[in-house]
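Taken in sequence, the protein lines are chains B and P. Numbering-wise, the numbering used here puts 825 at position 103 of the first sequence, and it's gapless, one number per residue. Numbering-wise, the numbering used here puts 731 at position 9 of the second sequence, and it's gapless, one number per residue.
Below 30 Å or equal to it, Euclidean Cα-Cα: the simulated DSSO-like pairs (lysine-lysine) are:
1. P:Lys-848 / P:Lys-810
2. B:Lys-810 / B:Lys-848
3. P:Lys-810 / B:Lys-848
4. B:Lys-810 / P:Lys-848
5. B:Lys-810 / P:Lys-810
Label pairs and their calculated CB-CB ranges:
6. B:Asp-831 / P:Ala-850: 49 to 59 Å
7. P:Ala-741 / B:Ala-844: 33 to 43 Å
8. P:Pro-737 / B:Val-735: 42 to 52 Å
9. P:Glu-742 / B:Gly-811: 25 to 35 Å
10. B:Glu-866 / P:Ala-748: 31 to 41 Å
11. P:Arg-840 / B:Glu-883: 37 to 47 Å
12. P:Pro-737 / B:Gly-809: 29 to 39 Å
13. B:Ala-748 / P:Gly-809: 16 to 26 Å
For the record, the hints were derived by calculation from the structure and aren't laboratory data. Glycine residues also receive a C-beta, built at the ideal position from the N, C-alpha and C atoms.
2 protein chains.
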Amino acid sequence: MAKSESREVYRPVTPEVAAEARGLIADADHAVLGSAEAGTGWPMASRVSLATFADGTPIILISGLAAHRAAIEAEPRCALLVGSVPGKGDPMAYPRVMLYCRARGLDPDTPEAAEARRRVLARNPKAALYVDLPDFRFFRLEVERASYNGGFGRGYRLRREDLVGAD
Amino acid sequence: MAKSESREVYRPVTPEVAAEARGLIADADHAVLGSAEAGTGWPMASRVSLATFADGTPIILISGLAAHRAAIEAEPRCALLVGSVPGKGDPMAYPRVMLYCRARGLDPDTPEAAEARRRVLARNPKAALYVDLPDFRFFRLEVERASYNGGFGRGYRLRREDLVGAD
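So here's chain B without its partners, still in its complex pose (with noise of 0.2 Å):
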């Protein structure tokens, strides 16, 4: 057997799984971005809040102070883990998906950024607080692919496809 036959440990994905994945993003309300420092490149893992586009499009709000938006900025390619680890026993037995995205900020005053703050806030009220600051921005991520891990031995890996498309 090849190495990479004898290495492939990802099981086929029916509908059933991309639901479980789809609905992770749907109850979240936040998540962690993973991202490369801008001048370093040196990979950097941070909590956004986190809302959708009515077709699964992730949705996040940054200020422009913080690191993680100069890191998209100067590179728009990063990831998104979802999923939380709600009780006790190994952490490593609770369901999550990460979204490999590019990250496209969205203009003020557009009607999509007045979307996505109807959505932001609609998950999220308290980012009533922040959500008008002159230095906050929407970012939408694009999903290019993503991996689910429904538990240990449960990894699958995700289309753009699966995870979006029409509400």
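We have chain B already, so just place chain P on it with the hints.
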């Protein structure tokens, strides 16, 4: 005021702040690893189980099948985000610390690997299911610097010596 000054939002680090950050790391049994995908350099963010050596240096245990294993073996620079969202309200209000690290794999059958195994099992007993599987490996994450976010507007830059030192 120069732009660099106007964007300076970090507060002075007090012993209490460093202790808060060390406490987060001491209490966590999982974290999110930021890494760079092998081959592409695409930023990734993935859940890992967490323990620490006596001096506070993080220990993670990773399967040879995980994408982040190949990532940190190709690019040892990585990040570790520690801190959970334990309740309701604004998820951005809960503290977290991001460690900028270099990963170093531990050779099996060394005293250091035995100590890592003991500490991983002490913090996460469920890891007994896979800790001895042959493709799993312990990594030390050597902390170079960190940023601590104690909640909205409470940002601090930490040095290695704020987090790692004599036990």
